[in-house]
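**Q** Residue numbers (numbering that gives the first Met the number 0), protein chains in the order written: chain A, 0 to 340; chain B, 0 to 340; chain C, 0 to 340; chain D, 0 to 340.
Please keep in mind that the hints were generated in silico from the structure rather than gathered at the bench.
A few of these clues could be false.
Said to hold, decoys possible - Straight-line C-alpha distance at most 25 Å; calculated SDA-like pairs for lysine to any residue:
hint, chain 1, residue 1, chain 2, residue 2
1, C, K17, D, R44
2, C, K223, C, G29
3, C, K306, D, R34
Said to hold, decoys possible - Each pair of labels, with its calculated beta carbon distance range:
hint, chain 1, residue 1, chain 2, residue 2, range
4, C, K152, A, S128, 26 to 34 Å
5, C, H107, B, Q121, 28 to 36 Å
6, B, H129, D, L282, 30 to 38 Å
Glycine included, each C-beta is placed from N, C-alpha and C at the ideal position.
Protein chains: 4
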Amino acid sequence: MLSFESDYVNGAHPEVLKALIDTNDEVISGYGNDRFWNSAAQKIRTACACEQAQVYFLTGGTQTNQVVISTLLRPYEGVIAATTGHVNGHEAGAIEYSGHKVLTLPHHDGCIDADELRAYIQAFYADGSHDHMVFPGMVYISHPTEYGTLYTKEQLTAISAVCREYDIPLFLDGARLGYGLMSPDTDVTLPDLAQLCDVFYIGGTKVGALCGEAVVFTRGNMPKQFATMVKQHGAMLAKGRLTGVQFDALFTDDLYQRIGAHAIRMAQLLKAAFAEKGYEFFLQSPTNQQFVILDNDTLKRLQGQVKFSVWEPLDEHRTVARFVTSWSTREEDIAALRVLI
Amino acid sequence: MLSFESDYVNGAHPEVLKALIDTNDEVISGYGNDRFWNSAAQKIRTACACEQAQVYFLTGGTQTNQVVISTLLRPYEGVIAATTGHVNGHEAGAIEYSGHKVLTLPHHDGCIDADELRAYIQAFYADGSHDHMVFPGMVYISHPTEYGTLYTKEQLTAISAVCREYDIPLFLDGARLGYGLMSPDTDVTLPDLAQLCDVFYIGGTKVGALCGEAVVFTRGNMPKQFATMVKQHGAMLAKGRLTGVQFDALFTDDLYQRIGAHAIRMAQLLKAAFAEKGYEFFLQSPTNQQFVILDNDTLKRLQGQVKFSVWEPLDEHRTVARFVTSWSTREEDIAALRVLI
Amino acid sequence: MLSFESDYVNGAHPEVLKALIDTNDEVISGYGNDRFWNSAAQKIRTACACEQAQVYFLTGGTQTNQVVISTLLRPYEGVIAATTGHVNGHEAGAIEYSGHKVLTLPHHDGCIDADELRAYIQAFYADGSHDHMVFPGMVYISHPTEYGTLYTKEQLTAISAVCREYDIPLFLDGARLGYGLMSPDTDVTLPDLAQLCDVFYIGGTKVGALCGEAVVFTRGNMPKQFATMVKQHGAMLAKGRLTGVQFDALFTDDLYQRIGAHAIRMAQLLKAAFAEKGYEFFLQSPTNQQFVILDNDTLKRLQGQVKFSVWEPLDEHRTVARFVTSWSTREEDIAALRVLI
Amino acid sequence: MLSFESDYVNGAHPEVLKALIDTNDEVISGYGNDRFWNSAAQKIRTACACEQAQVYFLTGGTQTNQVVISTLLRPYEGVIAATTGHVNGHEAGAIEYSGHKVLTLPHHDGCIDADELRAYIQAFYADGSHDHMVFPGMVYISHPTEYGTLYTKEQLTAISAVCREYDIPLFLDGARLGYGLMSPDTDVTLPDLAQLCDVFYIGGTKVGALCGEAVVFTRGNMPKQFATMVKQHGAMLAKGRLTGVQFDALFTDDLYQRIGAHAIRMAQLLKAAFAEKGYEFFLQSPTNQQFVILDNDTLKRLQGQVKFSVWEPLDEHRTVARFVTSWSTREEDIAALRVLI
């Protein structure tokens with residue numbers, strides 16, 4: 000069945016798979032820090048125009064959020080996130096499991112606002128009881144957000160400024176970063192992220208890999224004995240090559256960008272198809288996730304013909320549906336969808 | 000360079016890799032429980048002669064130990080292990096990170112003893128202060144052990160009996176289980192494990208997969224909302240297919256057994272080669288890890304010619320070295336090694 | 000200086016102190032479960048009209064909330080509370096430290112609403128992704144609330160009904176319960192609480208003791224090995240007598256009720272004094288905490304003359320101030336305050 | 000019944016109780032850092048001859064060990080202790096609950112040995128796999144030990160030197176410190192401890208207080224936001240006065256020393272009585288805990304006449320019994336005991 004369910008329902012991009020095949024017989028010592036890790040890390044440093052970046056490869060998004068947040072926070076600190084932030088609602092309490100509170104700010108189409116962030120931190124320190132409260136110790140944002148939306152460079156700069164004013168790290172969850180970077184509607188680049196964030200991750204699982212996320216510490220701020228703590232979280236692969244080889248492929252010949260650009264182009268075709276047929280959108284997403292409003296009869300009919308996600312009910316008669324494109328989406332898939340909708 | 004460093008320094012067994020290639024374009028919903036998981040799980044149930052077994056796939060050994068132990072233990076319980084147990088010394092405190100103590104018993108070539116286990120538990124309950132102590136809530140063993148040794152069926156039966164007497168689960172870490180099962184010196188089978196253990200895992204990472212361990216709950220005792228807790232530990236893959244496809248391949252056409260048998264045969268050739276040349280062994284290992292005593296001059300010389308692990312100093316002049324075989328070890332590798340030693 | 004700062008700024012009520020003095024030379028075994036614990040527990044059971052109640056004494060409110068919540072929740076569960084709940088904002092992340100998320104509902108003068116609670120839980124289970132989210136595993140309310148307000152018996156009954164419908168425990172934080180029970184504006188009694196809640200605690204620290212909170216499990220639901228887990232949390236006193244003796248005194252000759260009634264009477268005099276002088280109240284509190292709106296000039300002037308808490312700014316010119324009465328507040332203190340305001 | 004059960008079975012020393020009575024009506028702001036805390040802290044600084052010491056009051060021993068150890072350790076570190084250390088066996092896993100492993104050394108009558116400590120740390124760093132292991136991050140000792148024995152100044156100096164060589168803090172558990180300091184067989188003083196330890200605590204609960212332990216950070220090394228973390232552990236009293244007032248009394252007119260000296264004198268009388276009657280001792284304890292070997296008939300007979308602790312079986316016919324003295328032990332109690340034994 001035609002599928003726009005998500006960007007993690009296909010295997011690896013053929014070039015990533017080829018890299019796994021080509022390197023399969025090579026003897027590589029375990030636990031990472033092998034030649035593929037080093038090569039991939041260097042390519043990422045170059046792409047980020049950030050030679051001092053420290054790069055570490057993990058396997059999944061929740062794992063990465065948990066490991067990064069819990070190893071950077073002090074025990075008395077929590078992480079600030081949008082109410083809609085993935086770490087707040089959709090990670091089964093992984094942050095709290097690691098002992099830390101998620102402190103929430105309102106979201107604006109998935110984004111937090113720099114002024115509201117500053118006001119939150121100011122109010123915290125102004126509160127005479129703040130020694131009895133959870134200290135804001137990090138800011139977590141995702142880009143694209145849960146709603147596929149993007150921060151502008153100006154917005155990121157403003158958030159980053161607040162973080163530096165209060166000396167707390169800015170952490171950007173880039174599970175779908177490839178789609179954000181290649182959106183025609185963004186002015187944010189990888190070097191911008193390396194400058195504005197203290198740590199971020201470049202998502203692989205949802206951008207062409209079988210698994211893998213590349214954590215980038217931009218300011219020499221990788222915590223001491225980070226690998227030991229990764230092990231302690233159960234997050235270290237014995238065959239570390241698995242992530243290194245894949246990221247080495249993703250950052251060879253601009254594959255990461257090509258995957259992003261392709262999926263964005265497919266998303267635009269999909270959006271155009273829905274728009275043409277008179278559908279409304281829940282919000283304007285410039286990335287590979289499109290949120291379409293379906294009346295419930297259409298919803299029911301389509302569910303038998305194409306795979307997509309039911310996002311949330313809009314009202315009694317209408318539902319928000321999510322359609323997602325990826326490296327594997329083909330123009331003929333969009334054409335086939337256009338016939339159905 | 001010739002390598003006997005470990006069983007996780009090569010990629011996937013060709014048949015496992017082929018399965019990944021063959022299924023790469025298939026659309027498969029995320030987070031596991033897909034058709035490959037189901038197929039692999041059923042093949043494992045059959046191999047275990049345990050139809051009620053619940054099977055769940057995770058990515059690595061430390062992760063599996065942490066998730067299984069912490070989700071089965073009550074908060075006031077700890078896990079009993081040999082002092083040499085992997086969970087005790089070589090997992091960066093992953094068990095303690097999850098809030099639980101590792102309670103230690105002496106080891107005998109890596110194994111614990113059923114009588115010492117019973118005595119430990121009896122002494123615990125006899126101690127008038129035991130409400131102020133960590134309750135023994137699980138027994139952890141590995142098979143093969145850290146030293147490559149194996150429990151006999153009689154030993155496992157005795158340990159299992161103690162566990163059932165005190166109603167605490169027996170958990171067997173089978174990171175290298177394939178090598179244990181195919182040793183000529185064992186009388187223990189997969190169905191035996193399914194009968195004697197409450198939970199165990201079948202290691203994939205070290206037995207031909209890129210990553211992956213199959214946890215088997217044998218008595219309907221998978222904890223409620225296990226998948227949610229896996230997510231909470233950061234241990235859930237979005238592309239759950241990665242583990243399912245590999246284990247489906249490992250349990251097709253007896254691949255898991257074939258890998259084990261091959262590595263064991265290579266290990267025996269390797270052992271014979273060392274014996275023939277007059278080397279002594281630190282202990283008699285019937286599996287794919289061989290512990291050879293090298294005088295330090297030989298050690299130094301060999302380190303320039305072949306990769307292996309320095310296990311521990313034996314005395315001032317001699318060192319225990321570990322040589323490991325795997326699916327990728329070839330007879331000509333052994334022949335080449337024989338020339339060097 | 001005249002003080003209405005809080006109900007924990009004086010020592011013990013004289014009758015409580017006398018009990019400590021009278022029992023000081025008695026030899027009593029350690030760690031609780033001594034004759035004073037047993038006596039106090041029985042008096043509490045009687046006061047609650049709940050013979051099956053299990054009573055355990057801890058030392059402080061945050062400790063009690065942490066121990067009760069973390070020992071009753073399963074690892075994948077969080078606790079539902081009002082955004083204003085003490086556990087959400089004012090316990091330095093003690094619940095998250097124990098691994099659990101606080102799931103928030105809107106508050107209505109500090110209270111949660113049964114319908115909103117049901118809607119929250121229904122929405123959770125209706126969400127197709129709920130296996131990736133934190134399960135609602137307990138409901139936490141406080142009575143009086145952070146704002147000194149009270150639930151009616153009808154409201155508590157409705158909340159309790161939702162909890163039982165979904166089989167999750169209702170936990171009531173009674174840090175200031177004595178003041179709630181003796182308010183003229185309540186229809187809620189201790190036996191009501193024992194019927195409607197699964198667990199609650201009777202606050203001692205803020206109601207005449209030097210320290211101590213009595214946890215009441217109403218349905219035989221004290222977790223197995225609760226004392227061991229109390230120890231594990233660092234919450235067990237070697238001289239358990241300290242809490243037992245105090246609670247035995249508090250529940251002798253209706254002392255707990257007398258303390259509550261006295262403080263309430265003082266609060267009403269205080270409220271009348273402010274009202275008479277034309278002050279407005281932030282909200283109508285029927286208990287020992289009164290929230291008065293002060294213009295900032297008055298605030299400044301009064302701060303030099305009497306101790307009270309600055310609650311929060313209301314607007315640019317006005318501030319919410321909190322005045323609290325206790326067992327030690329005297330009529331002449333109110334009279335002295337009246338002169339100042 | 001005559002009781003030598005423990006040093007926490009009586010109430011407060013009369014001078015401590017008097018201080019609580021005398022200050023009961025005083026208005027004192029909550030959560031510690033009040034005038035009694037400040038006064039007690041200054042007296043402790045003076046007694047320690049350590050003006051830069053930072054002093055914080057907690058309520059019990061396990062709590063203190065958990066809070067100090069978990070707030071000083073980094074996440075990847077564990078604490079080294081004797082196998083017999085209280086934190087290893089008798090605190091219900093409180094250290095592991097906080098996420099850290101207890102790394103054990105052999106004990107010598109309850110003490111660890113500096114050379115064995117150095118060897119342990121050296122072996123750790125020499126192990127090529129140590130990034131996968133728990134780092135030694137602190138040394139925990141108790142003085143007196145679990146067996147009532149004491150370190151000499153030379154031994155402490157040697158342990159301290161190893162700690163400083165490896166830059167890990169030395170933490171001394173002084174639950175019964177008063178008895179250690181006043182033993183005729185010690186050359187260790189409070190100023191010595193302040194010089195040699197990085198942090199230690201002065202036990203109150205077992206030395207005349209109702210509850211309370213004074214933590215002393217000797218080198219400006221109290222962790223940032225320590226009070227917030229104390230709150231997070233549920234270890235902060237609202238009426239912080241309770242510990243401050245008691246320690247202020249304990250350090251007034253040498254009360255702490257007088258209590259220690261009295262109990263030691265009683266212990267020596269007790270020891271002499273047993274020795275005179277021909278009893279043997281399990282080991283030579285120079286403090287207030289005496290370990291006497293009783294044949295099992297005598298054990299049984301005495302249990303009906305006097306309270307003491309059964310420590311452990313020695314062999315089939317004999318048992319080690321513990322007799323403890325305290326501030327409340329009187330000469331006539333020893334005389335009465337002499338008649339019975």
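**Q** Is 30 to 38 Å a correct range for the gap between the Cβ atoms of H129 (chain B) and L282 (chain D)?
**A** violated (23 Å)
**Q** Below or equal to 25 Å on CA atoms is what counts here, so check K17 (chain C) against R44 (chain D).
**A** violated (33 Å)
**Q** Hint check: K306 (chain C) vs R34 (chain D), CA-CA at most 25 Å. Holds or violated?
**A** holds (16 Å)
**Q** Is the straight-line distance between the alpha-carbon of K223 (chain C) and that of G29 (chain C) 25 Å or less?
**A** Given that 25 Å is the threshold and the Cα spacing comes to 20 Å, the pair holds.
**Q** Could you tell me whether the CB distance from K152 (chain C) to S128 (chain A) stays inside 26 to 34 Å?
**A** holds (32 Å)
**Q** Check the following: the C-beta atoms of H107 (chain C) and Q121 (chain B) are separated by a distance inside 28 to 36 Å.
**A** violated (56 Å)
The structure is inconsistent with the numbered hints 1, 5, 6, although it conforms to all the rest.
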